[in-house]
Structures are given as structure tokens and as C-alpha cells.
Amino acid sequence: MSIAVQVRAIAPLYHAHDCEGEQVVRLRNFRRQYGVNTIIDGLDLDLYAGEFVSLLGRSGSGKTTLLRTLAGIDRSNGQDVKVPGSRAVVFQDARLLPWKRVWRNVAVGLKGDKVRERASLALHEVCLGHRLDAWPLTLSGGEAQRVSLARALVREPKLLLMDEPFAALDALTRPKMHKLVLALWQAHKPAVLLVTHDVNEAIALSDRVLVLDKGRIVAEERINTERGKYRLGLVSELRRQLLGYLDHDVVAEPDQFPCGDIAHSTTPTEQFAGIDSQ
Amino acid sequence: MSRQMRQVRDCGATLIRARWMSPVLLLAIWELGARTGLIPEHILAAPSAVLGTLWQMVITGELPRNLLVSLQRVVIGLSIGFGVGTVLGLIAGLSRQGELSFDPLMQINGKIPVFALTPLFIAWFGIGEFPKVALIAFSTIFPVYLNLYGGIRAVDVRLIEAARSFGLNRAEIIWHVILPGALPSLLIGMRYSLSVAVLVLVIAEQINASAGLGYLVNNARDFMRTDIIVVCLMVYAVLGLAGDALVRLLEFRLLAWRPSVVQP
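Protein chains in written order, with my numbering: chain A, -10 to 267; chain B, 5 to 268.
No wet-lab data here; the hints were simulated from the structure.
The beta-carbon is built from N, C-alpha and C at its ideal position, and this holds for glycine as well.
Heads up, some of the hints might be wrong.
Unchecked claim - Computed list of chain B residues with no C-beta within reach of chain A, every gap over 12 angstroms: (1) Thr122; (2) Trp128; (3) Leu163; (4) Ser169; (5) Phe170; (6) Leu172; (7) Asn173; (8) His180; (9) Val181; (10) Leu187; (11) Pro188; (12) Asn212; (13) Asn222.
To be verified - A short, non-exhaustive set of chain B residues, derived as facing chain A with CB atoms under 10 angstroms: (14) Gly41; (15) Ala167; (16) Glu176.
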């Protein structure tokens, strides 16, 4: 396996953030195992206030596992993990409670008064002001995902986590959602961690792209070009590199794909061992 | 074939296909058999006679009085059964320790045939109201318990995780996510319990009762009054249907969010 990875190596990643604001997330040498499977192995991660970061990785690279820790769904068990208490998640499946009307889904768990007003405001922000009293099961996929976005934003989170939030949407809805998410991010300025396997999406939206593989962050790229329709063209070189990185093992051994890859897709070590031995 | 004949034929075809046709036909044959003397009255009274008896029993107050006694037994027994089943279902559904403590007992409860239990209840509680209510209560615990417990365990774990990620504590997760998620199952358990309650009512009222529908049936048997027996059978059926309709109404109100009931 000798595909040269041209994206910057990880070593010098974590000293160049002095220009950023307050540090929101800090993970050092983070590990996560399920039984004998090590999903995340010695991962370092820093996120700063107000930045939009994408986390790229193939299936089984540990993206979702990492996000579960940052979201507080999994406990960190005394590891060196710093995450803000004020955080919210947008899941790939909207995960609305079907027995609560839309505005109550947005307001779930909110404390204080004027809860309906706050929920209503958030829903207007995602252009769903007319569906406050709808039942979630009557919404389209895009609408449900916007409700889920409103539910996250109404909490004014310091950290907004998104787990492949656009993956289930059709190709026409997705760009609209990208625009909406960018607008909301610019209005509220949370730190965003977007988990995705879509390279174009990562480049179009982020300040910084991280690549996760075998439970480690193996590459990072900062994008300074202004967002907009020229961005994809201007960063085509980066895109090629990132894509190349994500594809490396498939390129190395295309015949290996059927069965071997699928069967071991969550334990990449075995799969790589097989390739190396040839 | 003339137009009139065709019309008659079409009309006949429509009638044969109607759902209510077979019961009506059965009633007609039954009535005819009774009128011609083919079915003696001590075997089965004619439908017309049954209706007449029903009317008599209503205006003399005999039926309402006894129905009320039976209803009271069902309502008290069911309330206890629902209450105990719900509490135990919650405990076993929400905690591992609760499951270990109560589930074996509940499984035993569910496996004992109520009819076999009747002699024991008579030996313990005599022949008053108590064993009748106790039998109904005992037999209605299990369906409520089992469905609620199963419903709680079947709540989508992703919804619970989402709620946790939004900072809901355990009590809030139970209230906002787990209980509403288990409600459809609980209602199914209630429907099942209702039909069991009517079934057990019949058995319970065979125990030396001095009032109630079962008492009417027993008396009627002694005097070969098949018309009264059929009236009571009808009342039992109506009781079962009414209970089912009640829970359906409850479902319609409480589960308005479900796609099958949701108004687009």
C-alpha cells in the first residue's frame, strides 16, 4: 500500500490556532473500544468558538462514535475530554418524537418561560413557521430535518454537532439545506462539527476539513477561499487530495472490494493486513 | 331476457354479496324453525320471542338491575387489574431489578388458567362479591402488564439517545419519550383485558350469585327459559363490543399522531 498521502500529515496540526477564539472542544489521546474492536485510537481534536469544521471519513472510520462522545450520548469515562455543556445535535434521521407536535419537539426539555415563542421563532428561522402544530409524521424528509435544526438552534448551543444531516435528502433539497445551515451558522456563530462522507459538501461549507481514518485524524486542511459557487473550482486540488485520501485502499487493491471490504468495514485493520501481505 | 328480469337478477346478486346477508338469513331460518315447531322452545326460543323477553326484562327493571350488578363487578375488578398491571409493567419495564423481581411472578400469573383458580378462590373468599371481583382483577393484570412492559422495552433507543443529547434527565426522558412511546402497547393490553374481564365475569357469576347476568342465566337454565339465556348472551356480546369501542375512542384521542389516524 504505497499511495502517497499529499494532504498535510497530522504532526503539526495543533499549534496553528492562536488566531482563533475561545477553545470549545479539546480531546487528547482519546480512545473508544467496543469489546475487542478499537474504534477510536489516540485521537486529538480541538474546536474553537464560531468555526465550521467538517469531519470526513468512510463508513466505519469512527465518525459517529466520536460524535456520540462529543454529544454526551456516550460517557467519556475519565478521559481527557473537554466539551461545552451547551451543545446540540442534528442527527441523520431527524429523530423527532412522533407524539409531539412540531413546536413541542423543538421545545422539548427547554426551561423557563415563553417556550412556545422561542420554539416558534426558531421554526420561523428554518422557514417552518406555518407548521408549528403539525404532527412530525406528516412532514417531508427535508422539513423534518429543518425541525431538527430548529430544535438544536433554539438551545443557542456553543457547539452544534451534525451527523450526516443531509445524507438522506434528495439532490435538490440538499443545496437549499446547505444555504440554510450556513445562514443560521452565520447568525448564531456556534462552533460546528459536521460529520459527512461527502467531500464536496465538506469543502463548500467548512473553514477546516478533518479526515478521520482508523480512529485517528490523519489529515487536516484549512480553507480560506470565500464560500460561494467558485469555491469548489478554486479548491479542486484540495478536493482531489481529500478524495484520493479517502479512496486510497480501494485504489490500491480494487479486486479486493467484494465481500472482504464489506465484511470488515468496521474493522479496517484486518482489511489492511490482507492487502499488505500481498 | 326482459329488462325487469335482469333487474331482479342484479338485485339478487347485490343481496347475496351484502355482508349482513348471512346473519339475517340465519335469523330467518331460526325464526321459521321455531314457528313451525322444528325447534322446540326449551331448546331455543324464537328470535321474536327473545326480543319480546328483552323488552319485558327492560321494563320490569330486571335486566338493568342485574346488569348494574355485573357492571360493578367488572369495573371494580378491571380497575384493580389495570392499576396493578400498569404499576408492575412500569417497574419491570423501566428497571432491570424490577424485571428480575416481578417478571417471573407475572409469567406465573399469566400461565394459570383462571377457571382452574375458581375453586381455590371460593375456598378462600367464600361466595360473596369478593371472589368474583378478585377473579376479574387477577385475570386482567397480565395483559396490561405484558403489553406495557413490552411497549416500554420496544421504545426506539435512538429517540432516547436524542433526548439525552438535549440534556433531558431520566425522569424527563421517561415522561416525554418512554411513556408516550409505550402508550399504543398499553392500549392494546387494555383492550385485551376488557375482553378477558367479560369472559371471567361469566365464570365468576356462576359462583352462587344472587344477582347479576350470570344469576339470570343460571335461573333461566333451571326453568328452561332459553329466551332469557339468549338475551343474556346478547348483553354479554354488547358489553364486550362497548368496552372495545371505548378503548378505540381512547386510542383515537390519545394516538392522534399516528399516520393511520392523522388528518392530512
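Each hint tested on the structure:
no.	hint	result
1	Thr122	41 angstroms, holds
2	Trp128	43 angstroms, holds
3	Leu163	6 angstroms, violated
4	Ser169	4 angstroms, violated
5	Phe170	5 angstroms, violated
6	Leu172	5 angstroms, violated
7	Asn173	9 angstroms, violated
8	His180	6 angstroms, violated
9	Val181	6 angstroms, violated
10	Leu187	8 angstroms, violated
11	Pro188	9 angstroms, violated
12	Asn212	47 angstroms, holds
13	Asn222	47 angstroms, holds
14	Gly41	61 angstroms, violated
15	Ala167	7 angstroms, holds
16	Glu176	6 angstroms, holds
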